[in-house]
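Engineer: The sequence shown begins at 158 in the working numbering and counts up by one.
Any given hint could turn out to be false.
Straight-line distance between alpha carbons at most 30 Å, and here's what the computed DSSO-like set of lysine-lysine pairs gives [unchecked claim]:
| id | residue 1 | residue 2 |
| --- | --- | --- |
| 1 | LYS429 | LYS446 |
| 2 | LYS429 | LYS416 |
| 3 | LYS306 | LYS283 |
| 4 | LYS306 | LYS289 |
| 5 | LYS446 | LYS306 |
| 6 | LYS267 | LYS255 |
| 7 | LYS438 | LYS305 |
Worth flagging that the hints you see were computed from the coordinates, not collected in a lab.
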Amino acid sequence: MTVGRYCPDTVDEFIDTQVLSRGLDERTAMAYQNDLEKLYLWLEVSGMKGKSGNAECPGNAECLGNAECPGNAECSGNADSLLEEQMETYLDYLSREKGLRCSTIFRKQKVFGYYLSYLVSAGRLKSFRPLKPMGHPKKASIDTLLTKKEVEAFFQALDREYEDLDSDFRRRICLRDQVMMRLLFYHGIEISELLQLEVPDYDRKTATLVIRRKRQEDYSVYLFSHTLRQQMDQWLLEHVYFEHGGEYYNRMFLSKLGKPLSMKMVINIFDKYRDMAGIEKVCKPKDLKNSLGRYAEEVVRELG
C-alpha cells in the first residue's frame, strides 16, 4: 500500500502485518491507514512533531528505527510518552473543535491503540500506556422553542398569506398548511402522527380528533381553538380537490397531486412561514409543537 507523505514506514508495516495478513478486508485496511495518515498530517501541520525535548529525536514513533535517531533510552522513552500524548491531543481536537461523534472518536482511539501495540511488539517502542478515554464535550444548550411573540408572528404570516392569495387553489394549499401547523402547536402532535391522520379521524360534531400511534393506544384530542375548528371544517370541504380519485383519497393531508405529504414537505412548509414571520433562530416543526407551554407561561406573566 502507498501511504501519504506524512506517514512513517511503520504505518505501512502495521497495515501489512496486522491488518491485511490477518484477513481483514481492504476497506478496513484503508480506514486504519486513513486514520493514521490524518494523525501524522495533523502532527505535521500543527507543529507538534519534534517536541520531545530531545534535540536529536524527531519526537514521535516515526523516529524509531530511523537511521537518524540515536536510538538511546532517553530518546525512546521520550518518544514513547510523547506519541501517546500527541494522539490524545489529536483526539481531543477532533472531539472539541471538529465535533466528531463519540462513536467516531472511539473507533479512532481503538486504531491508535492497535498501532501502539504493534510498535511495541515490533520493538519500535519500549512500552505504551492505554490512551485516556476521550469524553465528548457537552454542547451548549440552545433555546429553540418559540416565544409568544414568535408564535403569533408565525401564525399571522400564515393567515395574512391566506387572505392575500388571489387563487382558490393556492388558498386551499394555504388552508391545509394552517390546519397542520395549528395542530402541531395546540396539540403537540408528532409529525409522523399528523401525516397518518385520515378524514374519518375527525368528528365534526364533537370537534374531536383521533390520533393514531404505532406502539401505544390511540387517543383523542378536543380542538379547543375556535380558529382551528373553523379551519378544519373548511379544509374538509376543500379536501375533495386534492383527492384525485387516488388510493390516498382518505388521508387527511394530501399534496396537490393527491399523494401523502412527506416529513420533508412539512419541514419546508414550516420554514417558509418561519422566514415570512422574520424568525431568525434555528428551529424546526418539533419546536413549534413544543412551544405551547412556553406560550402559556408568557401569557400568564403578562396578565399577572
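Engineer: Decide, hint by hint, whether the structure agrees.
Structural biologist: Status of the hints after comparison with the structure:
no.: 1; hint: LYS429 x LYS446; in the structure: holds, 16 Å
no.: 2; hint: LYS429 x LYS416; in the structure: holds, 21 Å
no.: 3; hint: LYS306 x LYS283; in the structure: violated, 65 Å
no.: 4; hint: LYS306 x LYS289; in the structure: violated, 48 Å
no.: 5; hint: LYS446 x LYS306; in the structure: holds, 15 Å
no.: 6; hint: LYS267 x LYS255; in the structure: holds, 19 Å
no.: 7; hint: LYS438 x LYS305; in the structure: holds, 14 Å
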